[in-house]
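> Read top to bottom, the protein sequences are chains A and B.
The letter at position 39 of the first sequence is residue 39 when you use our numbering, and the numbering goes up by one with no holes.
The letter at position 58 of the second sequence is residue 158 when you use our numbering, and the numbering goes up by one with no holes.
Hints are not guaranteed to be accurate.
What the hints assert, rightly or not - Covered by chain B, per the in silico footprint, the following chain A stretches (three or more residues, Cβ under 8 Å): (1) 11-17; (2) 21-32; (3) 35-48; (4) 61-75; (5) 80-89.
As the list claims (entries may be wrong) - Label pairs and their in silico Cβ distance ranges: (6) A:Leu2 / B:Leu122: 28 to 38 Å; (7) B:Leu154 / A:Ala4: 32 to 42 Å; (8) B:Pro128 / A:Ala4: 18 to 28 Å; (9) A:Pro76 / B:Leu124: 29 to 39 Å; (10) B:Arg155 / A:Arg26: 16 to 26 Å; (11) B:Ala163 / A:Ile19: 31 to 41 Å; (12) A:Val73 / B:Arg180: 31 to 41 Å; (13) B:Arg133 / A:Gly56: 21 to 31 Å; (14) B:Ala163 / A:Ala58: 13 to 23 Å.
Everything labelled a hint here was simulated from the structure, so no lab data went into it.
Treat the numbers as computed from the prediction; the structure is a model and nothing was measured.
In this text, a Cβ means the ideal position worked out from N, Cα and C, and glycines have one as well.
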Amino acid sequence: MLAAIGVALLLLGLTLATIGLVGLLRMPEILHQLHAAGLVTGPAVILVLLASVASGSAEIITSAALVILFVLVTAPLSAHAIAQAARRRPRR
Amino acid sequence: MPGVVVDIAFAWATLLLLAGGLLLLRAPDTLHRVLALDVLVAIVIALLTILSYLRDVSYYIDAALALALLSFTATLVAARYVTRGGPF
Chain A
1 MLAAIGVALL LLGLTLATIG LVGLLRMPEI LHQLHAAGLV TGPAVILVLL ASVASGSAEI
61 ITSAALVILF VLVTAPLSAH AIAQAARRRP RR
Chain B
101 MPGVVVDIAF AWATLLLLAG GLLLLRAPDT LHRVLALDVL VAIVIALLTI LSYLRDVSYY
161 IDAALALALL SFTATLVAAR YVTRGGPF
């Protein structure tokens, strides 16, 4: 049961990363790309890390929980910094 | 988790890393490159996590944590650098 959940989370996370990368490769503008990049840096990484519940090792689950907390805080912050830079940079 | 699935996931994440490299090569200016590097680091974090499932040890995820910290700082400073010409 737990193994099935882990496999589903892992493959779902990788699918989301693939969708995000296809979006990144197709979109021309930086703000459009930022929209697709939010899928890779946020939910995809978190789902792959959540799959650690199936690993059955306390060390792996603890480290993964720490990384999940860190990613939850920093992914929106760095996306916001890039968006602000795109808005404020001098026009070409 | 079944070993076959983790193997497939590892290969898949490696292909995603190649796509991220293509994205970095196609980037037309600095801000696109900053964004591409941010995405590449996210993929490397996923890759290190899958490697830790594959070998059943925890310290690859600690390396992923350090990498996430470095990437966060680097993205903030580089975004500042694009707009203001310096990190502060």
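> Decide, hint by hint, whether the structure agrees.
Do the hints match the structure? See the list:
1. Residues of the stretch 11-17 of chain A lying with their CB closer than 8 Å to a CB of chain B number 4, which satisfies the three-residue condition for coverage.
2. Counting residues of the stretch 21-32 of chain A whose CB lies closer than 8 Å to any CB of chain B gives 4, so the stated coverage by that chain holds, three being the minimum.
3. Check on the stretch 35-48 of chain A: 6 of its residues sit with their Cβ under 8 Å from a Cβ of chain B, so the three-residue criterion for coverage holds.
4. Check on the stretch 61-75 of chain A: 9 of its residues sit with their Cβ under 8 Å from a Cβ of chain B, so the three-residue criterion for coverage holds.
5. Three residues within the 8 Å Cβ limit are the bar, and the stretch 80-89 of chain A against chain B gives 7, so the coverage statement holds.
6. Look at A:Leu2 against B:Leu122: about 36 Å separates their beta carbons, and that is inside 28 to 38 Å.
7. Look at B:Leu154 against A:Ala4: about 18 Å separates their beta carbons, and that is not inside 32 to 42 Å.
8. Taking the beta carbon of each, B:Pro128 and A:Ala4 are about 43 Å apart, not inside 18 to 28 Å as hinted.
9. For A:Pro76 and B:Leu124, the hinted distance range of 29 to 39 Å is not satisfied, since their beta carbons lie about 22 Å from each other.
10. Between B:Arg155 and A:Arg26 the CB atoms are about 35 Å apart, so this pair departs from the stated range of 16 to 26 Å.
11. Between B:Ala163 and A:Ile19 the CB atoms are about 26 Å apart, so this pair departs from the stated range of 31 to 41 Å.
12. Taking 31 to 41 Å as the suggested C-beta distance range, the pair A:Val73 and B:Arg180 does not conform, at roughly 19 Å.
13. Between B:Arg133 and A:Gly56 the beta carbon distance is about 40 Å. The supplied range of 21 to 31 Å is therefore violated.
14. For the pair B:Ala163 and A:Ala58, the beta carbons lie near 19 Å from each other, so the given range of 13 to 23 Å is met.
Going down the numbered hints, you'll see the structure goes against 7, 8, 9, 10, 11, 12 and 13, while the others check out.
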